[in-house]
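Starting from the given sequences, assemble the full structure and let the hints guide the process.
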Amino acid sequence: MGQFRNFACLSGVSRFFIGCALALFLAGCGESKQQAVSQQDFQALVQQGFPSPQIVAVNLPATARASLYLETPEVTFGDSRSRVDWVIPGTVDIDFAGQVSSGKMSIVLEGSSMLTINPSEGLVFLDKAEIAGKDIAVESNLVQMLVLDALAKMVAENLNGLLLMSVPEQSPLSEFLAEHQQQSISYQIEPEQIVFEVKAEAKQGEAKPGEAGP
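According to mature numbering (1 follows the signal peptide of the UniProt record, and there is no 0), the residues represented by the sequence shown are -23 to -1, 1 to 191, in order.
Treat each hint with caution, since some may be false.
[To be verified] Calculated cross-link-like contacts (lysine-lysine; reagent style DSS-like; alpha-carbon spacing at most 27 Å):
hint : residue 1 : residue 2
1    : Lys10     : Lys176
2    : Lys81     : Lys130
3    : Lys10     : Lys105
4    : Lys130    : Lys105
[Said to hold, decoys possible] Computed spacing ranges between beta-carbons, pair by pair:
hint : residue 1 : residue 2 : range
5    : Arg42     : Asn137    : 36 to 42 Å
6    : Pro28     : Val85     : 38 to 44 Å
7    : Val64     : Ala177    : 14 to 20 Å
These are computed hints drawn from the structure, not numbers from a lab. A virtual CB, placed ideally from N, CA and C, is assigned to each residue, including glycine.
This is how it looks when you write it as structure tokens:
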């Protein structure tokens, strides 16, 4: 009781500052610095948040131009702690110098990439995408001859910045990003889940940590 009497005897200004400090402490305790999302839940977010189809244009040699119409990716977590694996189905239409069109044909892109997170907008993008030529399969002998490693590299470069998803509202990940929309968000892939976390501020003279572990 003596402690309560002592608090009551404090001036109004003192009580105000103590109350503010307590409120800040409680707010800090209630704010989560991490958000784990299972592989299954992450795929469900992609299913809801990927704007299908997305059109990606790729300039090819000999004045040819490919237009890819990409459907919702299937995303999985492999051994890498910073790269996600994906399979993206869709169609491709190749225009040869504006004279001849191949028409739309089925295509499957298989590869991996890192992720870039925009917490203020609730967006997740592909970054540093990699595709092997043998991972691109089309149902046409003509196009198959054009699908070489060089083309795979061009396609991969054009997938950088591809919107993987607009995080669905009212999901735990959306709420987490909204709480930290003014901060940088990193991530780390663990067995069967991906963990998003607030990137620690580097001290003066120290390098800032990367987006994700190796």
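**Message:** Can you confirm whether the C-alpha distance between Lys81 and Lys130 stays at or below 27 Å?
**Reply:** 21 Å, holds
**Given pair status - Lys105, Lys10, alpha carbons within 27 Å** = 26 Å, holds
**Prompt:** That 36 to 42 Å hint for Arg42 and Asn137 (C-beta), does it hold up?
**Reply:** Taking Cβ atoms as reference, Arg42 and Asn137 lie about 18 Å apart, which means the hint is violated.
**Item:** 27 Å Cα cutoff - pair Lys130, Lys105
**Value:** Roughly 11 Å between the alpha carbons, so the hint for Lys130 and Lys105 holds.
**Prompt:** Can the suggested window of 14 to 20 Å be confirmed for the beta-carbon pair Val64 and Ala177?
**Reply:** At roughly 34 Å between Cβ atoms, Ala177 and Val64 fall outside 14 to 20 Å, so the hint is violated.
**Request:** Mind checking the hinted window 38 to 44 Å against the Cβ distance between Pro28 and Val85?
**Result:** 19 Å, violated
**Item:** Holds or violated: Lys10 to Lys176, with C-alpha atoms at most 27 Å apart
**Value:** 9 Å, holds
Checked against the numbered hints given earlier, the structure breaks hints 5, 6 and 7 and satisfies all the rest.
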